[in-house]
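Student: Read off the chains here:
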Amino acid sequence: MSAALNRRVVTDALHHRALLGAPHKDPNGMKPRLRILFCITIGALIGTGVAIRTVRAGALSTNRAIGPWQTGSDFATARAGAQTRAIIALRGLLALPAREARYYAAQVDDTGNRLDGHCRYRVTGGQLPARWWSLTLYDNTNGVLVANAAGRYSYNSAGLRASEQDRWQIVVAPRPVGAPPPGAQGRHWLPTGGIDRFDLTLRVYLPAGGGTTNLTREQLPSITKEDCA
Amino acid sequence: MIRRWIVPILIALAIGALAFQVTLMATPGTLMALAMNRLTTLGPINHFAHTATPTPADREIVRTSPDLAYSPCPFDLSGGPLLINAVPVAAPYWALSIFDAQTNAVFVRNRFEAQDRPFRVAVIHGGQVAPPGYEPVRVDGARGIAVIRILVADPASFPAIDAARRASTCRIG
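So the sequences go chain by chain: X and A.
Numbering-wise, the first sequence is residues 2 to 230 according to this note's numbering.
Numbering-wise, the second sequence is residues 5 to 177 according to this note's numbering.
A hint or two may mislead.
Far from chain A, some chain X residues (derived; all Cβ distances over 12 angstroms) [claimed, not checked]:
id, residue
1, 119
2, 121
3, 125
4, 132
5, 168
6, 214
7, 227
Reference listing, derived: stretches of chain X covered by chain A, where coverage requires no fewer than 3 residues with Cβ under 8 angstroms from a Cβ of chain A [to be verified]:
id, region
8, 37–48
9, 86–94
10, 97–109
11, 142–149
12, 154–167
13, 195–207
No lab work stands behind these hints, which were simulated from the structure alone.
Idealized CB from N, CA, C, for every residue including glycine.
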């Protein structure tokens, strides 16, 4: 009872001195103004840091996942949200609006495992409802093309033979693939350069329906891991 | 002791949320300005720089398509409207697109929409007026990037495409 009374007296005295403007030492070792300034600074730093981290971690296409592919349809438009706009500015500046091109990005294979530049993948697809398409491999850490001796960074539908348009196959691997079996379709090689992490971007130009709908899982290429070095 | 921190922590949360949103909103404009500065190393502002298809050495813009030959024209309208004369090239696909300083695509026209005919547009802002014969394209802010993309399906076709695209011009009028 006596201890409680003493605490109350001390507390009242501190409040009284505070009201009178008399200087007193904060029990936490920090003056109120300093405490608020400290919290404002910490809040600003954390908010900015989280925003930068969010943008850096964001994929080019983040609105909808379809198998291993992610896509969005509000690129380069004023209606895109602040986060989407920031990510697109970092990951794909000058991206075209949906009616001109749709972008599908894959950072994982069909089983959901990260694409690894030391492994070999088989990407298989067919005709897409669009004027033309291209498949490009990028370094996932910085979004640049991956140097390789073949000078091959992508494939596009305009460059495929007519016999391949309905069903095509591209081997994504650090080393060249062998000749296809007799009678089989040609197997194209897209080099990974042996980097740790890569991603694939499928660009679909002048998509059917003005780009308002997403390609289906059946229409999008499959990404199958074959083996790893 | 905890009560003394409740208000400062609430303030910190509010400031954090504000800083998060402000950073997101500032990012497109900041990155666009940086990209414009990098593009001016390829050529003068308000002119097309006709670049080859991208390689790993090209880092002015990330995630460019190696299937396309790009002709970017970073622009600044403070000296007047930007007049673009777009001339068709013999390629499976080409398009002119114009982006404002906030990365919005304010204009896109491809070869099919243009019916493989030349066309002229004037990029304007504020009280600027397009000269006769130019289709006006209004942008927010004075700066941005216009870019022509051309599909190079076969590398052997690039020299002819490169020669033909140089007939397109981008200048302050």
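Student: Hint numbers the structure violates, sorted upward?
Tutor: Going through the list in order, the structure violates hint 4 alone and respects the others.
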